[in-house]
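Required output: the full structure, derived from the provided sequences and hints.
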Amino acid sequence: MMFERAAVALILSLVVAFSGGCSMLRGKPPSTATPVMEQERRFAGALQYLIQGKEREAQGGLEQVVAGQALPGVTDEALFRLALLHLRDEGGKGDAHAHALLVRLKKEYPRSAWTRQAAPLAAYLVGVSALRDSLHDVRTLRERNLSLTRDNKELRQSLERLKNLDLELEQKIKR
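If you count the sequence shown from 1, you need to add 5 to reach my numbering.
For the record, the hints were derived by calculation from the structure and aren't laboratory data. Incorrect hints may appear among the rest.
Taking lysine-lysine pairs in the BS3-like style, the calculated list, with each CA pair at most 25 Å apart, reads [claimed, not checked]: (1) K168 x K179; (2) K158 x K168; (3) K98 x K111; (4) K98 x K112; (5) K59 x K112.
Shown next as structure tokens:
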């Protein structure tokens, strides 16, 4: 009895599999990769580039992953790794871009392990940004101070000249 049920179930599943499968594919080209598989493949390729030391290629692959369909476990790690790669960018723009990626990571994946690992880095980048802003302010204040010092010196010299002219004028009037 048990064997008969198993045989009937097997035959029915084979009939359903063989009869309905072809009609479902009619008119559509067979797709070998789903969007999830494609994201995972891109991410794996980017990791392979990282292992090989090809950071530019890895960065391009990670950019594609974070621009694609959101996939927990893949996109969150890609955001974190991409933020790390942007830290090497020149001119301070990389820090800002890395921070933006970490903010996005925290917003889109608040429970991710990568978000927790990114928290100290995000705080550090905020501090670096504040320090960079402070240095800019100090430079600006130094330039203004130097300019005011020059103006002050010129005003003193002009005042001395005016005093001398006033004394000369008084002496001419007395003669």
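Hint by hint, here is what the structure shows:
1. K168 x K179: Distance of about 17 Å is within 25 Å: holds.
2. K158 x K168: 15 Å, holds
3. K98 x K111: 20 Å, holds
4. K98 x K112: 21 Å, holds
5. K59 x K112: 29 Å, violated
Going down the numbered hints, you'll see the structure goes against just number 5.
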